[in-house]
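Peer 1: The task is simple: from the sequences and hints, build the whole structure.
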Amino acid sequence: MTSGAPPILRRSASHLAIMRLVLGYTEAAMNRISRRTLILSALLAAPLAAQVLPRVPPEKAGFSSDRLARIDALVEHHIAAGDLAGAVTLIARHGKIVHLGVHGMADREAGRPMKEDTIFRIASMTKPITSVAAMMLYEEGKFLLSDPVAKYLPEFAHMTVLPPGAPPGSTPVPAKRPITIRHLLTHTAGFTYHWNPRIGPLYNAYGIPHGLGPTPYTLAEAMKLLAKIPLVNHPGEQWEYGLSIDVLGRLVEVASGMSLDEFFRRRIFEPLGMKDTYFYLPPEKTARLAAVYGKNKDGKLVRVEDEDVRAGEASGSTDYPYAGPKKYFSGGGGLCATALDYARFAQMILNKGRLGDARLLSPKTVEFMTMDHLGHIVKNPPLAFGLGFAIDTSERGFTELTSEGTHGWGGFWYTEFFISPETDMIGVFMAQLYPDGGLEVKQKLKVLAHQAIIEE
Numbered sequence: 007m008t009s010g011a012p013p014i015l016r017r018s019a020s021h022l023a024i025m026r027l028v029l030g031y032t033e034a035a036m037n038r039i040s041r042r043t044l045i046l047s048a049l050l051a052a053p054l055a056a057q058v059l060p061r062v063p064p065e066k067a068g069f070s071s072d073r074l075a076r077i078d079a080l081v082e083h084h085i086a087a088g089d090l091a092g093a094v095t096l097i098a099r100h101g102k103i104v105h106l107g108v109h110g111m112a113d114r115e116a117g118r119p120m121k122e123d124t125i126f127r128i129a130s131m132t133k134p135i136t137s138v139a140a141m142m143l144y145e146e147g148k149f150l151l152s153d154p155v156a157k158y159l160p161e162f163a164h165m166t167v168l169p170p171g172a173p174p175g176s177t178p179v180p181a182k183r184p185i186t187i188r189h190l191l192t193h194t195a196g197f198t199y200h201w202n203p204r205i206g207p208l209y210n211a212y213g214i215p216h217g218l219g220p221t222p223y224t225l226a227e228a229m230k231l232l233a234k235i236p237l238v239n240h241p242g243e244q245w246e247y248g249l250s251i252d253v254l255g256r257l258v259e260v261a262s263g264m265s266l267d268e269f270f271r272r273r274i275f276e277p278l279g280m281k282d283t284y285f286y287l288p289p290e291k292t293a294r295l296a297a298v299y300g301k302n303k304d305g306k307l308v309r310v311e312d313e314d315v316r317a318g319e320a321s322g323s324t325d326y327p328y329a330g331p332k333k334y335f336s337g338g339g340g341l342c343a344t345a346l347d348y349a350r351f352a353q354m355i356l357n358k359g360r361l362g363d364a365r366l367l368s369p370k371t372v373e374f375m376t377m378d379h380l381g382h383i384v385k386n387p388p389l390a391f392g393l394g395f396a397i398d399t400s401e402r403g404f405t406e407l408t409s410e411g412t413h414g415w416g417g418f419w420y421t422e423f424f425i426s427p428e429t430d431m432i433g434v435f436m437a438q439l440y441p442d443g444g445l446e447v448k449q450k451l452k453v454l455a456h457q458a459i460i461e462e
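In case it helps, the numbering used here puts the sequence shown at residues 7 to 462.
Calculated from the structure, these hints are not laboratory results.
All of these numbers come straight from a predicted model, not from anything done at the bench.
Certain hints may be false.
Derived pair list, reagent style DSSO-like, types lysine-lysine, alpha-carbon separation capped at 27 Å [stated by the list, open to error]:
no. : residue 1 : residue 2
1   : LYS148    : LYS370
2   : LYS230    : LYS333
3   : LYS291    : LYS281
4   : LYS157    : LYS182
5   : LYS332    : LYS291
6   : LYS450    : LYS303
7   : LYS230    : LYS332
Now the in silico label distances, taken between C-beta atoms and shown as ranges [claimed, not checked]:
no. : residue 1 : residue 2 : range
8   : TYR328    : PRO178    : 16 to 24 Å
9   : ASP304    : GLY147    : 54 to 62 Å
10  : ALA116    : ARG183    : 48 to 56 Å
11  : LYS66     : ASP304    : 45 to 53 Å
12  : PHE374    : VAL308    : 30 to 38 Å
13  : TRP201    : GLY381    : 21 to 29 Å
14  : GLU373    : LYS303    : 45 to 53 Å
Just so you know, even glycine gets a beta-carbon here, dropped at the ideal spot from N, CA and C.
Peer 2: What follows is the structure, encoded as structure tokens:
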């Protein structure tokens with residue numbers, strides 16, 4: 007064995023030499039032992055990527071290939087119709103990928119086709135990852151979900167509320183109760199987004215980031231500004247989608263002593279093998295980022311330029327993954343990822359907290375996160391919602407084909423994922439489209455995946 011061989015092989019060779027000397031093995035016997043040892047060493051040293059989410063024919067996991075092909079047909083139809091530039095779709099069952107569809111173009115102007123490793127802005131699909139980060143710290147005894155947020159972020163100690171129905175210019179009133187960590191996870195804290203007509207103008211006036219564009223602030227600086235603005239509802243009284251998970255991201259920083267970026271990388275991405283998931287892309291990976299497209303006023307699909315993004319009162323840009331100060335880590339919407347990377351995260355949740363040799367959460371914690379928490383907090387919630395996920399439950403009634411307990415979420419730039427424990431299945435849809443013009447392709451992925459199952 008030469009000195010340039012990998013250390014694990016050099017160690018194996020030296021051990022074999024000692025065995026031969028001491029035990030008197032023949033050269034042929036030692037060669038057989040050597041081969042077996044090297045094979046075992048290679049298997050033990052195999053990367054995590056080779057151990058999880060292998061690819062198998064659909065029938066091996068109880069699918070009909072013909073029925074599963076309807077996903078490809080749907081996406082290709084809408085690309086041909088000029089509704090989408092391209093997309094990547096993924097379905098896995100029993101821990102095995104049965105469908106990975108790569109369609110259309112990642113960048114039409116550059117002639118760059120969509121690929122398996124194309125990177126997408128996943129926006130609010132960041133939220134479940136931040137929720138997992140918080141629950142990892144919860145498992146370590148860093149806090150209780152019933153703790154006031156102000157115990158760790160003192161700037162949120164004296165919140166006020168602009169009551170629903172209050173006329174413009176009304177004086178905010180003191181919040182009836184403190185914001186708790188549970189309120190953050192369930193979107194019942196009273197935070198909103200910039201498009202809210204009552205509070206949105208104040209967010210814009212204070213320069214509060216929403217994660218969809220470059221910002222000069224750190225997460226700590228931005229949350230101190232957010233704490234100065236009234237809530238849209240009293241904590242615990244209504245579900246309002248908003249900046250709760252950005253606040254939760256700051257809590258992760260304080261509880262862990264790391265930046266959110268570092269915590270994600272060290273505690274989630276590296277253990278799960280998510281090698282292409284970032285807040286801000288390394289220069290060598292920016293060429294893999296998909297361009298954003300949207301319909302213009304004439305109904306033609308065109309590229310969305312950097313400063314052309316507006317969502318009501320909110321404005322953003324498409325260049326934030328690689329431009330600007332790169333120091334704001336939006337726990338509610340800042341990440342970019344590939345479909346394959348996000349599938350690893352989703353599979354970890356489906357596996358009740360484990361992927362390969364990495365365990366991030368206990369099974370009981372995942373069970374707790376994926377049960378409906380709104381029924382115990384809000385009288386008339388708009389949907390079933392856990393700690394980071396929307397949930398399909400028969401109790402609230404199914405509106406489309408799904409399965410009991412299926413949970414997931416989507417993102418601003420036209421991405422979506424679902425996790426179905428009842429069928430042991432995950433699905434990921436990745437595209438880059440804004441505005442979507444009412445297109446329902448990503449919502450149909452869950453339907454088409456379920457209808458393709460022909461064996462339990």
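Peer 1: Does the hinted range 45 to 53 Å hold for GLU373 and LYS303 at CB?
Peer 2: 48 Å, holds
Peer 1: Are the Cα atoms of LYS230 and LYS332 separated by 27 Å or less?
Peer 2: 19 Å, holds
Peer 1: Could one say that the CB atoms of ALA116 and ARG183 fall in the range 48 to 56 Å?
Peer 2: 53 Å, holds
Peer 1: Quickly compare the C-alpha distance for LYS230 and LYS333 to 27 Å and report which way the hint goes.
Peer 2: Holds, at roughly 16 Å.
Peer 1: Quick one, are LYS332 and LYS291 close enough, alpha carbons at most 27 Å?
Peer 2: Roughly 15 Å between the alpha carbons, so the hint for LYS332 and LYS291 holds.
Peer 1: Assuming the hint says 45 to 53 Å, is it satisfied by the Cβ distance from LYS66 to ASP304 or not?
Peer 2: The hint (45 to 53 Å, Cβ to Cβ) holds, given that LYS66 and ASP304 are roughly 47 Å apart.
Peer 1: CB of TYR328 to CB of PRO178, is that within 16 to 24 Å?
Peer 2: Given range 16 to 24 Å: violated, Cβ gap about 39 Å.
Peer 1: Quick one: are ASP304 and GLY147 within 54 to 62 Å, going by C-beta?
Peer 2: 58 Å, holds
Peer 1: How does the Cβ-Cβ distance of TRP201 and GLY381 compare with 21 to 29 Å: does it lie in that range?
Peer 2: This hint holds: roughly 27 Å between Cβ atoms.
Peer 1: Take a look at whether the Cβ-Cβ distance between PHE374 and VAL308 falls inside 30 to 38 Å.
Peer 2: About 45 Å separates the Cβ atoms of PHE374 and VAL308, which means 30 to 38 Å is violated.
Peer 1: Does the alpha-carbon distance linking LYS291 and LYS281 stay inside the 27 Å limit?
Peer 2: With a Cα-Cα distance of about 11 Å, the restraint between LYS291 and LYS281 holds, given a limit of 27 Å.
Peer 1: Would you mind confirming whether the straight-line C-alpha gap from LYS148 to LYS370 stays at or under 27 Å?
Peer 2: Given that 27 Å is the threshold and the Cα spacing comes to 18 Å, the pair holds.
The structure does not agree with the numbered hints 8, 12 stated previously, though it agrees with the rest.
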